[in-house]
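So the protein sequences, as listed, match chains A and B. Everything in the first sequence is counted per this note's numbering, starting at 1390 for the first residue and increasing by one. Everything in the second sequence is counted per this note's numbering, starting at 46 for the first residue and increasing by one.
Watch out, some of these pointers could steer you wrong.
Stated by the list, open to error - Mimicking DSS-like on lysine-lysine, the simulated pairs with C-alpha atoms at most 25 Å apart in a straight line are:
#, chain 1, residue 1, chain 2, residue 2
1, B, 181, A, 1567
2, B, 181, B, 211
3, B, 181, B, 89
4, B, 241, A, 1482
5, B, 241, B, 105
6, B, 181, B, 160
7, B, 205, A, 1482
8, A, 1491, B, 241
9, A, 1458, B, 49
10, A, 1491, B, 51
11, A, 1491, B, 89
12, A, 1458, A, 1515
13, B, 105, B, 89
14, A, 1491, B, 181
15, B, 81, B, 105
16, B, 210, B, 247
17, B, 205, B, 150
18, B, 185, B, 89
19, B, 200, B, 117
20, B, 51, A, 1458
21, A, 1491, B, 185
22, B, 205, B, 181
23, B, 89, A, 1482
24, A, 1482, B, 119
25, B, 119, B, 150
26, B, 81, A, 1482
27, A, 1567, B, 185
FYI, nobody ran anything at the bench for these hints, they're computed from the structure.
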Amino acid sequence: MSENNEMTVGGAFLGGIWTEIPVLRLMLGLCPTLAVTTSVKSGLTMGLCVVFVLICSNAVVSMMRNLLKPHLRILMFTLTIAAFVTIADMYLKAFQPEMSLKLGAYIPLIIVNCIIIARAEACAAKNGVLVSVVDGLAMGIGFTMVLCFLGAIREVLATGCISFSDTAVLTILNPVDKGGWFTPCTAMIMPVGAFVTLGLILGAVNQLSRKKA
Amino acid sequence: MFSKLKLFIQESWLLMISSVFFGGLLAVTNAAWAPKIAQNEISKYNTLAQSVLTAAQTFKPLAQPLTLDVGKGKTLIADVREGLDAAGNRVGWVFIAEGSGFADKIRLVVAVDAKFETLYGFSVLACSETPGFGDKITIKNGFYQSQYQGAPAGKFTLAKFGDAKKIDHEIVAITGATVTSRAVVDIMNTFVVQIKENLSQKGLLQ
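One chain only, chain B, in its complex shape (with noise of 0.2 Å):
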């Protein structure tokens, strides 16, 4: 037993004791550096929550967390914020939305009205769609975006031609990018639905 054990010690004493040194050194960088990334994903929250939002001056999480199904048999608890404006009312309702594209994960921060009825559109807080093709989604007030700005908060449908001007629940898929078209639009449909179904049921719609 003590052979074995002193076979163990000789065989990896190098590797325990560089694990816990490494270890130590991730642990110190990370209690360094972790409020910073944490910060900056409060700002870039703010600030695309402010860029779709323009009246809101703060968001304030709501009290209980609202479960979505996201298909699959997963569910997800919504980060939904209700925007308030200098005077403490509300003015929209703006939260973050998720779900597979092309690449990868594809999230969102989207704004609604007070009453969930209409939508201000969309900022994107993660996408590594195609150069050229897929990130086309990023373009703030693009071909893309715009035709959320204005549309009824529920079910979108996607079309691949069709008149992109037109604000209704038909959008026009991106040349060359329909997954990731097809990807936004099954983002929306999964959130904005649900999420004004939770909100109705709790009676927080005006």
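One chain only, chain A, in its complex shape (with noise of 0.2 Å):
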């Protein structure tokens, strides 16, 4: 970042993947990590959504930046996402229905995700349209893969494998009832089994971190 508050598109990318990766350095968007990465279908799902949301409204907004009167920004912000949020949802019940129902509720709830109003707010107010769709993409990215690696997790430890759909399942740990040695442990698709990952990924982020420093 620059001395007058300008992005780079390298350090918008950077950022998004790993510096201020959203879940994981700026604990934004906990809600739905937890609640929707009971599979990594389902993580993945979200966090396409959300990479959709965040290119088009840090766009949007970025575009408006200059027009926008400082009493009517978050209002601005907020319309702009609901927009992109009712389109993706549409979207989702047009094309991937079972999909739709299985996430429920957390799709619209993606307007009062922090990520998204956060990054409106700190980058798309205040960088080019450039840096803002890929601060957007980056973040969304970062998200998708946290998402993705916990509900990996998740899966595979309640499951043994990980699903695709019906038909494509990877079996990774052989479970007993398909004549394995694998005792799925039910809890992990259960909330406990978030917080529990979760912790465990933050601490060893942390750690990482450190060592680095």
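The task is to assemble the complex, starting from two chains supplied on their own in separate frames and drawing on the hints.
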């Protein structure tokens, strides 16, 4: 970031996928992170929706940044974000109805996801369209990576495998009910599994950062 | 007056233009995808209805809607359909039953025989119950669903322990998901009994 608070494209990208990765560094977007990561597929779908909303809302906010009145800016951000979230929600209902049902209220709740409004305020309202779009893309990718990683750990420990569809199932740990040795841990797809896994990941990331410092 | 109007426009023109733009964008998106969304819902209903009432080829909605009392002074118009075979003979009834679950609303597609005496079973249209526990109600022919297949179409009671293989009015709860198990029993008791009474009053039961 330069002295006049403007970001570079490279800085925005690196920030989103590592130095300011939303869930692990900024501690933003924890609600969907804990709620929808019962499987990789759910996490990936939620992540991609957030990528779409972040890119579009950052682009629009960046384009209108010089016209924004300070007292109306939050209202304008919310209006912009709500429009794109509604589009993402309708898309899922039309083309991924099963996943739309599974994610339920968490897709419309992207409107109040702190990551999106935080990036509109911290980046898009102060930077050009290209930097804002890259920031949205990188933040979205960072968020999606964490959701998929968390989802993979929880799904594997809860079922022994990762399901991409009814037919495409990748067996990682052969469960007892399929003649294997692994006893699935149902608690991993419950909220306690999400909290424990996220806590361990946060601890590992903090440990890595400390070593580097 | 004019200065106030000028100030209002100066302050809010961007908000007004944005509202019109995003409203238009959503209207266009809705126009493009609404038929697909509606078709998805119809397809899902038909698939589920067919899975619980296998003998039916088509599902004909009732000419007159049935109004049910769903408690707390609320009423609901029930979606009841007649299941017809290829020759057009009635082979059963299918209806959507819904109520509050542990996490959110549970919506079921329930099938009953033509005389409304025996349940064929149910399928789950919408359910956000706890994974690994309450969501066991969605398992096709699983422990919980099987208890309704062939059960008498009347009032059900919930038991924490019992013989789940015995098909009667007593439903054995899923371990760790009593609230969800009770919710389904309550939904059945609300819908099955009232729909049966309504159809009987209209002279639609043989």
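Tested hints:
no.	hint	result
1	B:181 with A:1567	19 Å, holds
2	B:181 with B:211	19 Å, holds
3	B:181 with B:89	19 Å, holds
4	B:241 with A:1482	33 Å, violated
5	B:241 with B:105	17 Å, holds
6	B:181 with B:160	29 Å, violated
7	B:205 with A:1482	37 Å, violated
8	A:1491 with B:241	32 Å, violated
9	A:1458 with B:49	17 Å, holds
10	A:1491 with B:51	49 Å, violated
11	A:1491 with B:89	14 Å, holds
12	A:1458 with A:1515	13 Å, holds
13	B:105 with B:89	16 Å, holds
14	A:1491 with B:181	14 Å, holds
15	B:81 with B:105	22 Å, holds
16	B:210 with B:247	35 Å, violated
17	B:205 with B:150	22 Å, holds
18	B:185 with B:89	15 Å, holds
19	B:200 with B:117	19 Å, holds
20	B:51 with A:1458	16 Å, holds
21	A:1491 with B:185	17 Å, holds
22	B:205 with B:181	15 Å, holds
23	B:89 with A:1482	12 Å, holds
24	A:1482 with B:119	28 Å, violated
25	B:119 with B:150	15 Å, holds
26	B:81 with A:1482	9 Å, holds
27	A:1567 with B:185	19 Å, holds
When held up to the earlier numbered hints, the structure conflicts with 4, 6, 7, 8, 10, 16 and 24 and fits the remainder.
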